[in-house]
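Keeping the supplied structure of chain B fixed, place chain E with the ligands upon it in accordance with the hints.
Each chain is listed here by its residues.
There are 2 protein chains.
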Amino acid sequence: TTLTRNRQYGQDMEYFDSYSHLKIHHEMLDDKARTLAYQTAIRQNAHLLTDKVILDVGCGTGILSMMCARYGRPKQVYAVEASDIAEYTKDVIHSNKMSDTVTVLHSKVEEVQLEESVDVIISEWMGTILLFEMMVESVLLARDRLLKDGGTLWPSTASLFLVPCSAQKQYGSKMEFWKDQYGFDLSDLIEIAKEEFLQKPVHNHILDPADCLSEASRILNIDMRSVRREDLEQIDLDFEFTVQKSGTLHGFCTWFQVDFEGLDQSIHTVYLNTGPEHELTHWKQNLFLLDSPLSVDKDDVITGQFNLHRNPEWRRHLRVLLRFRVMSSSNNLKVPDREKLFYVWR
Amino acid sequence: TTLTRNRQYGQDMEYFDSYSHLKIHHEMLDDKARTLAYQTAIRQNAHLLTDKVILDVGCGTGILSMMCARYGRPKQVYAVEASDIAEYTKDVIHSNKMSDTVTVLHSKVEEVQLEESVDVIISEWMGTILLFEMMVESVLLARDRLLKDGGTLWPSTASLFLVPCSAQKQYGSKMEFWKDQYGFDLSDLIEIAKEEFLQKPVHNHILDPADCLSEASRILNIDMRSVRREDLEQIDLDFEFTVQKSGTLHGFCTWFQVDFEGLDQSIHTVYLNTGPEHELTHWKQNLFLLDSPLSVDKDDVITGQFNLHRNPEWRRHLRVLLRFRVMSSSNNLKVPDREKLFYVWR
Ligand SMILES: [Ca+2]
Ligand SMILES: [Ca+2]
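Heads up: the protein sequence lines correspond to chains B and E, in order.
For the first sequence, my numbering assigns the number 1 to the initial residue and increments by one for each residue that follows.
For the second sequence, my numbering assigns the number 1001 to the initial residue and increments by one for each residue that follows.
No incorrect hints appear here.
Short derived list, chain E residues pointing at chain B, Cβ under 10 Å:
1) Lys-1032
2) Met-1066
3) Arg-1070
From chain B, some residues computed to sit far from chain E (all C-beta separations above 10 Å):
4) Ser-18
5) Leu-48
6) Thr-103
7) Thr-128
8) Lys-200
9) Asn-204
10) Val-227
11) Ile-235
12) Glu-240
13) Ile-267
14) Asn-307
15) Pro-336
Think of the hints as simulated: they come from the structure by calculation, not from any bench.
Glycine included, C-beta positions come from ideal geometry on N, C-alpha and C.
Just chain B, with the same shape it has in the complex:
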């Protein structure tokens, strides 16, 4: 319907507009772990990029396209960018004397027409909880329409990790805070504090590995070559954790890893992991705080589901339904089913 189209149009405008500001590009470029992972993948495969046709989906300031042009000898790099930064990216490519190789297309990738199909699609599409913004959908559409059979996608796989964790400082500063301020009791504000601070994940959490209550679990692994768009509408994931040390469970944390497979078997896979044991990235980690924390003991087992659903209306937004229970090591039910819905962000 026209209404649906208009709504989708408005959502895309909101999304692309945010990338017409430099701040977000500054943050991404300034994220060395992120940008150098792409650079390493390109450099390790440089000799195999000779004469290849490369498509950079959402090229931003053009950094990945320029890396491909500099380190490989590609026939052509198509650098596609829907936001208005594209007009400046054209100048950047020109100033770096790469206009022969890199062609900037100011367009949605869904609307570009290329004269040839491409050997490699490179894109940095990852967001909060891996999928927020759902830019991955544009990459998959480009794959189906523009990538040669047997072509390469960078990243080639993407995984989501989950861990139960303590977060005393965050929970305390947002919730316990109201119990006593300067000797006064502000507990009447706790209800709205819950609504305001706990309904959405904390997107810029920095997880201390010491706060992990168990080993992290890889709950999702996407093969970019085979995943279908419809597979990403509703992703229902099971988890089971064995508690490794007694402590307070304040919630669960997520992060992701993406892999860049080599263009042939001889090349090592390069990976970018945004977890707490790795260099901090601009994605940080994402914390899902429970409304009320609970105590867990060593060898307790936490089982449940992490249901990651696309918002049917705001298509770039997600909802996470978290359900879990805790069993003691002697298999008694310690904490019966709990359930909480999170908005990311609508």
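Quick look at chain E with the ligands alone, frame taken from chain B:
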């Protein structure tokens, strides 16, 4: 006109709405230097608050009103709050058993009708560059309409400070950044970086005292008892600085001080200073970056104007026109007149 009234209405809604969220109240309460300055003023004057009528303009969560009720023995505290937090503040007052003394009025202060005039107006109205949000106007209107002759305003005076400074890290990370990223030249983005990062002051700057190029100057001092609202429409301020050490002038920094005079002569004045030599507050310092830095030498003299004008249309917003020149110690013109307009925030 109706149009003007509607526009003003929309601006007020935007403003009050931001205070209906807890985040901003959390930040203010968490600012101990701020909140304890008010507490100290109240406690030092506690014995003089007996039987007084106090008006708290923009009471938020009610913290200052409760301090007045706890430490003094006021006849009555009127706690006025226009944002929707007021409904929760009523509960807070009730839970703290202060409903006899503290009356929460969910209203703009311009619209409250009191049965009596008040002895003391207490308010935390200060914003970025002291005046942003122009909440001070509501305090002055309350003063003219509701304060007894010879009554007390807390704060009683407010000053703005200015200093020329270096800010290599901030300037470098926003401007020089683009000259080389991963071996590529992104200088074509510098023009939009200027527009995006330098047209507004950096509102959350933390000024290292070592980056001050001269003594700070108190360029404005407002006497809350006598200042008229119309005095604050266009504030044109002159400054003169003698450079104390050679270095790079990246811009100018502001911060403020407010004083709480005692209710009688025997009480020491309490002050809250948000400058770099004092405890960091949530206001931090405000940095006005020049488009291009310049070198200054010891004993150079920087003279100019800091013109702080209310946006005639967006009445809670400000514009700062900064003009200056640099003379050498031998009185030669080293840097002819420079001029730059800043938006705070529209
Ligand atoms: Ca991203
Ligand atoms: Ca304020």
